[in-house]
Amino acid sequence: MNPLAIIGRSFLDFLTVVGVLARFSIRSVKHCVIPPFYLRQTAKQFIDIGDYSLPVVGLTALFTGMVLALQSHTGFSRFDAESAIPTVVVLSITRELGPVMAGLMVAGRIGAAIAAELGTMRVTEQIDALTTLSTNPFKYLIAPRLIAGTLMLPILVLVSDVIGVFGGFFVCVYELQFNAANYISQTWEFLESSDVTSGLWKAAAFGFIITLMGCYHGFNSRGGAQGVGKATTNAVVSASILILVVNYLLTGLFFAGK
Amino acid sequence: MTDAPKIELNGLAKSFGDKHVLRGIDLSVGQRESVVIIGGSGTGKSVMLKCILGLLGSDKGSVKIDGKDATNLSGSALDAHQAKFGMLFQGSALFDSLPVWHNVAFKLAQQPGISRKEAKARAIETLASVGLSPDVGDIYPAELSGGMQKRVALARAIAAKPEIIFFDEPTTGLDPIMADVINELIVKCVREVGATAISITHDMASARKIADRIAMLYEGRIIWQGSKENIDRSGNPYVDQFINGRAEGPIKMQVRKL
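If you're matching them up, the sequences are chains E and F in order. Taken in order, the first sequence gives residues 1 to 258; the numbers are from my numbering. Taken in order, the second sequence gives residues 1 to 258; the numbers are from my numbering.
For the record, the hints were derived by calculation from the structure and aren't laboratory data. From the three backbone atoms N, C-alpha and C, an ideal C-beta is built for every residue, glycine too. Please note that the accuracy of each hint is not assured.
What the hints assert, rightly or not - Computed list of chain F residues with no C-beta within reach of chain E, every gap over 12 Å: (1) 79; (2) 83; (3) 112; (4) 248.
Said to hold, decoys possible - Computed beta-carbon distance windows for the label pairs: (5) 5(E) with 180(F): 53 to 63 Å; (6) 197(E) with 68(F): 50 to 60 Å; (7) 9(E) with 57(F): 19 to 29 Å; (8) 59(E) with 143(F): 27 to 37 Å; (9) 208(F) with 51(E): 22 to 32 Å.
Same shape as in the complex, but just chain E:
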């Protein structure tokens, strides 16, 4: 086959995917804001996404904060800059590592679960059955997940920010013999509210991406158990890559003028 044809074809395939995905997103968001709403479904998703992800997100944040303190110490102690460690820990956690680590963990946990559930519902015709029972699957299945994901991730990240900072505090005070009161006052000293809120905006964007990818791949899965497996993998991989790309773009947007 002509190599130019291969390039052309894959480029057109890529554009097709982007177009289909854009239409799917617009349709999904439309159903998030137009009634009727399924409050019971939405509440259930809040519990699934928020409550059940908290342990894994919290644990990730704890160890991220701990290792961050330990690594900064080995570096900074070489030029007597240990006093900068609390600031490094809190800024890295709130701006970058809190939202990104939580996003990646939730993509693996929730994105995969959504894709598998919706994929199974698709291949067993449960989604068609919803339609014959006068229920729009976008409203009943997708809108509750998108709403819960977008609103729940910032809350998860806020909790994980606190846990991550505590992880750094724990290592510095109990391993490296820092003064606890000094550590806390230095944490607050250079922290601005924009550091935290930018992280929370990122978290909301990641929550939307994770649930959208889970819904998109699950909803469009084809062909039995293998199709569901493929949908699950694609949901996690595409959500993870998009999180990293969007994180870079949002960082540029938030901190470009500073």
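The hints should help you fit chain F onto chain E, whose structure is shown.
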């Protein structure tokens, strides 16, 4: 009551890429009539039902319900169109996250002003009409046998008293006795609800029991239709081959020679 047929298809065609699944279907189904569509696997039976339901858009031809055009609707017109239908899916397609009673009362429970208690009471009444006891209502679909799942799915399809009911291979995968139980329930329920029914099947015993009229689909067209009494003397070699289940005949199965 009007004299217009309940469902009228004119030259309905649907292709997937270069695969022509429906090549122009003409079929009319009278008020409260029960028509069974027979035909081999992959002849487009399910696609035809999905085109009538509006789950798939058609390429050519028209669908009329009660004499009014219902081809390729969208938005609220599509919702109103789909509200007229009930469907029994091949794999039952019960929602496995909901208990049996909620499956049966799904459409009812969506309506404003209906409490969960009322919905459950109505579900249990409907379950009784397909011969299931009230205690089945509280268990989950996965805990039921295939025959019981089919009966629950039948109860769900008739619960909202639809004008038109579709049965997609209602007896596939059941033992002959349970198949006959389901056939009798279908005949009884359709009569009680006063619905128009289209069933697709390749089980001739089932077709003879449910049908007022039988039509045969082959290569995307209706090649024969007539009352069930006439099916044995159709004079059509395709129909003869199908109802007698012979490998030899005008219908060539796509089997690759080794």
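Results of checking the hints against the structure:
In this structure residue 79(F) is not separated from chain E by more than 12 Å, as the shortest Cβ-Cβ distance comes to only about 7 Å. Not every Cβ of chain E is farther than 12 Å from the Cβ of residue 83(F); the closest lies at roughly 5 Å, contradicting the non-interface assignment. For residue 112(F), the non-interface assignment is contradicted: its Cβ lies about 9 Å from the closest Cβ of chain E, within the 12 Å cut-off. Its beta-carbon lying about 32 Å from the closest one in chain E, residue 248(F) satisfies the requirement of being farther than 12 Å from that chain.
For the pair residue 5(E) and residue 180(F), the beta carbons lie near 57 Å from each other, so the given range of 53 to 63 Å is met. Here the CB-CB span from residue 197(E) to residue 68(F) is close to 55 Å, well matched to the stated 50 to 60 Å. The beta-carbon spacing between residue 9(E) and residue 57(F), approximately 26 Å, falls within the hinted interval of 19 to 29 Å. A hinted range of 27 to 37 Å for the beta carbons of residue 59(E) and residue 143(F) is consistent with their spacing of about 35 Å.
Here the CB-CB span from residue 208(F) to residue 51(E) is close to 55 Å, at odds with the stated 22 to 32 Å.
In this structure, the earlier hints numbered 1, 2, 3, 9 are contradicted, and the remaining ones agree with it.
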